[in-house]
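Chemist: One-letter residues, chain by chain:
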Amino acid sequence: MAALENSPQTSPDILLETKGLTRHFGGLTAVDDVDFRLKRGGVHAIIGPNGAGKTTFVSLLSGRIRPSAGTVRFAGEDVTKLKAHARVARGIAYTFQITSTFQAMSARENVMLAVQRRLGGGLLGPEEETLRREADHALARVGLQGLEGEKAGILSYGHQRLLEVAMGLGLAPRLLILDEPTQGLSDDEIAAFIALIKEIAATSTVLLIEHNMAVVMGLADRITVLDHGRVLAEGTPADIRADRSVQHAYLGG
Amino acid sequence: MDFGPYLLLASLEGAVGAAVLAVTALGLSLVFGVMRIVNVAHGEFFMLGAVIAWWAASLIGVHPALGFLGALVLSPLIVGAVALFAERTVLSRLKYDPEATIVATIGMLYVIQQVVLMTYGPDARPVQPPFDFRIQLPWFGYSAYKLFVIAAAIALMLAVWAGLTRTRVGLMMRATQYDRETARAFAIPVDKVYAGVFAFGAMLAAFGAVLVVPVQQAHYLMGHDPLLLSFIVVIIGGLGSLRGTVLAALIIGMSDGIISVFFSPTLAKIIATLVVAMVLVWRPQGLFGERPA
Amino acid sequence: MSVMRRLGLGPDRATALHVGVLVVLLALHFVLPDYHHISIARIMVLACFAMGYNIAFGYSGLLSLGHAMFFAAGLYGAGLAAQFLDVPATGGLLIGILGALALVITFGAVALRTTGVSFMIVTLMFAQAVFLIIYYFGEFTRGDEGFIVPDAMRAAFGYALNEPTARYLVAFGLFAVCLIISLAIARSGLGRVLVAIRENEDRARMLGYDIYRMKLLALLISGGMAGAAGAVYAMLFGYVGATFASIEYSILPLLWVLVGGAGTVLGPFVGTLAMFYLIDITSGLTTAYLLVVGLALIGLVLFFPKGILGTIRERWASWLP
Numbered sequence: 495m496a497a498l499e500n501s502p503q504t505s506p507d508i509l510l511e512t513k514g515l516t517r518h519f520g521g522l523t524a525v526d527d528v529d530f531r532l533k534r535g536g537v538h539a540i541i542g543p544n545g546a547g548k549t550t551f552v553s554l555l556s557g558r559i560r561p562s563a564g565t566v567r568f569a570g571e572d573v574t575k576l577k578a579h580a581r582v583a584r585g586i587a588y589t590f591q592i593t594s595t596f597q598a599m600s601a602r603e604n605v606m607l608a609v610q611r612r613l614g615g616g617l618l619g620p621e622e623e624t625l626r627r628e629a630d631h632a633l634a635r636v637g638l639q640g641l642e643g644e645k646a647g648i649l650s651y652g653h654q655r656l657l658e659v660a661m662g663l664g665l666a667p668r669l670l671i672l673d674e675p676t677q678g679l680s681d682d683e684i685a686a687f688i689a690l691i692k693e694i695a696a697t698s699t700v701l702l703i704e705h706n707m708a709v710v711m712g713l714a715d716r717i718t719v720l721d722h723g724r725v726l727a728e729g730t731p732a733d734i735r736a737d738r739s740v741q742h743a744y745l746g747g
Numbered sequence: 268m269d270f271g272p273y274l275l276l277a278s279l280e281g282a283v284g285a286a287v288l289a290v291t292a293l294g295l296s297l298v299f300g301v302m303r304i305v306n307v308a309h310g311e312f313f314m315l316g317a318v319i320a321w322w323a324a325s326l327i328g329v330h331p332a333l334g335f336l337g338a339l340v341l342s343p344l345i346v347g348a349v350a351l352f353a354e355r356t357v358l359s360r361l362k363y364d365p366e367a368t369i370v371a372t373i374g375m376l377y378v379i380q381q382v383v384l385m386t387y388g389p390d391a392r393p394v395q396p397p398f399d400f401r402i403q404l405p406w407f408g409y410s411a412y413k414l415f416v417i418a419a420a421i422a423l424m425l426a427v428w429a430g431l432t433r434t435r436v437g438l439m440m441r442a443t444q445y446d447r448e449t450a451r452a453f454a455i456p457v458d459k460v461y462a463g464v465f466a467f468g469a470m471l472a473a474f475g476a477v478l479v480v481p482v483q484q485a486h487y488l489m490g491h492d493p494l495l496l497s498f499i500v501v502i503i504g505g506l507g508s509l510r511g512t513v514l515a516a517l518i519i520g521m522s523d524g525i526i527s528v529f530f531s532p533t534l535a536k537i538i539a540t541l542v543v544a545m546v547l548v549w550r551p552q553g554l555f556g557e558r559p560a
Numbered sequence: 011m012s013v014m015r016r017l018g019l020g021p022d023r024a025t026a027l028h029v030g031v032l033v034v035l036l037a038l039h040f041v042l043p044d045y046h047h048i049s050i051a052r053i054m055v056l057a058c059f060a061m062g063y064n065i066a067f068g069y070s071g072l073l074s075l076g077h078a079m080f081f082a083a084g085l086y087g088a089g090l091a092a093q094f095l096d097v098p099a100t101g102g103l104l105i106g107i108l109g110a111l112a113l114v115i116t117f118g119a120v121a122l123r124t125t126g127v128s129f130m131i132v133t134l135m136f137a138q139a140v141f142l143i144i145y146y147f148g149e150f151t152r153g154d155e156g157f158i159v160p161d162a163m164r165a166a167f168g169y170a171l172n173e174p175t176a177r178y179l180v181a182f183g184l185f186a187v188c189l190i191i192s193l194a195i196a197r198s199g200l201g202r203v204l205v206a207i208r209e210n211e212d213r214a215r216m217l218g219y220d221i222y223r224m225k226l227l228a229l230l231i232s233g234g235m236a237g238a239a240g241a242v243y244a245m246l247f248g249y250v251g252a253t254f255a256s257i258e259y260s261i262l263p264l265l266w267v268l269v270g271g272a273g274t275v276l277g278p279f280v281g282t283l284a285m286f287y288l289i290d291i292t293s294g295l296t297t298a299y300l301l302v303v304g305l306a307l308i309g310l311v312l313f314f315p316k317g318i319l320g321t322i323r324e325r326w327a328s329w330l331p
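Residue numbers (this note's numbering), protein chains in the order written: chain A, 495 to 747; chain B, 268 to 560; chain C, 11 to 331.
One or more hints might be untrue.
Said to hold, decoys possible - Below, in silico cross-link-like pairs of lysine-lysine (DSS-like), each with a Cα-Cα straight-line distance of 30 Å or less:
no., chain 1, residue 1, chain 2, residue 2
1, C, 316, A, 645
2, B, 459, A, 645
3, A, 577, A, 513
4, A, 577, A, 533
5, A, 513, A, 692
6, A, 533, A, 513
7, A, 575, A, 645
8, B, 362, C, 316
9, A, 533, A, 645
Because the hints were derived from the structure by calculation, they are not lab data.
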């Protein structure tokens, strides 16, 4: 499942970049003039107190909502005007904060849909055999082997979260955006999850929104802190840990 | 006749149509506003109201005014009861799921229509207006009863508006419309409100029908046009907005009347249906409604 | 063989079942008494209309209340072409399908900008407009009264279509084609995507599917089938009238699909068959046969939303496409 290769661009190691990205909701400014750069490779985390605008920001990146102002560039291309489905086709995959799978379909079929999209194949689609194989591979990668035939709706919460990740993998994306993926998982499940993300980060870039600081510190190569829709701080985990304004924002002292 | 009188006549006819339409559409609007469902059988409640009015009037028969009065009282009550029955047995069981409800109300449409066909028959039957004199207007004499219809409709709508804004029941209805869950949290019996609103919506349709049946005749297929026009009014006026419904009814009723007189009724309807589709696509909240949450 | 499998026609139970149904229907041609012979021909054509509706509603979740306009486009396209332009059946079929597709590209494309209840009302309104336009041009269409399609035009490849054998076989031919298309869609990637969109549109969008395009595609196939059914209906049964463009003919395919099982391939046929005979029997008893339609709709939506084959599939036969 090789990821799509480079297109010519100005800074080859910047995968995603926003300039002046802003979003208003009526009188509220959820995202305020954000300049953000995501380096290719590794795990980048976005953290911030509740209401900081994290989910809105990521919705702007994935194309689920349109910006009030500003631009988004992905792999050197301006994608600001592109609709969500077109961005997915360019290589951005997004897993939902609230688990959203096709409940009545089997886990395998869920992932087959992702693979099918990637492989294209005209009106009738690719060979079913190919789809099944790729889907099962993705499911095995996240640790769901043996559950392929189960209906997504009856899987445990933790397993459904993993299914979401498997669907993301089925797309073989260049950028995998995970929106609060460990929420509601047990400690064991979280540990397994961290290992999985490390492995995925070897081949795709991962953008992670998280509340769980242990997960963030354990996984992230770089961290961006959002507060009130603005970038408060950015840097390595060590930088952020030491940053006064971050402590301020979280503890409100 | 030259243009002036023709226009006045068309306007008056339009006003009568608009008055009846406003009352009928209000019923549909309330049901959608509070319950968030579309009642496709609304036109049949209208028709039922007219048919029962005929039945009541012919039963009482002593004097047209008495018959009409009887119809005015009995018809909405009976139609309201039928609506209540339908709501309790079918709609509440569907938990008011929007698509299922539409299919179910389509079924109700056919049931009511065909039962009337089987009992009342396919004929159109007239009902005597309660009084039958003409008022002299600048160019011609015009039926006093038709003017009464306009007045009665206005009175009824003022009463409904007062009820909605000034009484406790009205407050419960508006609260349920705004936010069903919060209303429940405030111990408002949402199920009872729903049942009541659905019955009341049907009663309004029946009332409109009783008003119009001395002018038209009672026929088992007469629900079709009012349904379509009510739809148009409610969608353009904004689902759930009383002011919007009244204004839209005025616009639609008047233009339908005028276009029908000067051009063809079919063309008027074609334009109306296309306009309503376009409004739904590009401005779904209509003229006065609020964007759905 | 690989192509066949890709078309959903691999060697398995499901294919055998559908081929079996086709074989039985073909065999019936030789044994049915006159009345049922023409009835089954009629049912087969109407079932194609229902199968078209099923693609939109059963698979894609597009609850249209305006499909009569696509059927009418076929009916009037073929009928008017025969009446005024001396176009025979094959040309009529083409015109009918193109007419229906034209309506999909105009009205359908606009309607798809809405969803749920709005979509239902918008499609209803557009179909009403078409119905009224038919009346408005009553000079040509004869409105409610309708007109008889000239016998001379009801012919294809030298065979007269008002003759029982040709009529049945043409109906069967259309039915077979629509059935195979439905089966192929249901078991292909396209079918999987349409069902996904129906189930969780947002998720499908975030997997990269262009939702609008897919729905439009579904509507094109759906409208095309309905238009073909309408054109063939005009040619085989010789009568074109405004009733076929009325709301009733938007409700009926919904009813047929619900009865037979929405989202199953054979459901539309089963539903059309069942309701046809049910209404047939009822109209023998009373003029108010639409009462059955009303009660059926209410009963279905309350107690039996999956329909006949849908329930069978859920309880016993999960392999049923």
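Chemist: Hint by hint, note whether the structure agrees.
Modeler: For each hint, the structure was consulted:
A C-alpha spacing of about 19 Å is found between residue 316/C and residue 645/A, which places the hinted pair at or below 30 Å, so the restraint holds. Distance check on the hinted pair: residue 459/B and residue 645/A sit about 38 Å apart at the alpha-carbon level, beyond 30 Å; violated. Between residue 577/A and residue 513/A the alpha-carbon distance is near 18 Å, which keeps this suggested pair within the 30 Å criterion. For the proposed pair residue 577/A and residue 533/A, the alpha carbon gap of about 23 Å is at most 30 Å, so the pair holds.
Distance check on the hinted pair: residue 513/A and residue 692/A sit about 29 Å apart at the alpha-carbon level, within 30 Å; holds. The suggested pairing of residue 533/A with residue 513/A holds, with an alpha-carbon distance near 15 Å, which does not exceed 30 Å. A threshold of 30 Å between alpha carbons decides the hint, and for residue 575/A with residue 645/A the separation of about 36 Å lies outside it, so the pair is violated. Taking the CA atoms of residue 362/B and residue 316/C, the gap is about 17 Å. The hint holds against a cut of 30 Å.
Our distance criterion of 30 Å between C-alpha atoms is broken by residue 533/A and residue 645/A, whose separation comes to about 37 Å.
Of the hints listed earlier, those the structure fails to meet are numbers 2, 7 and 9, in rising order.
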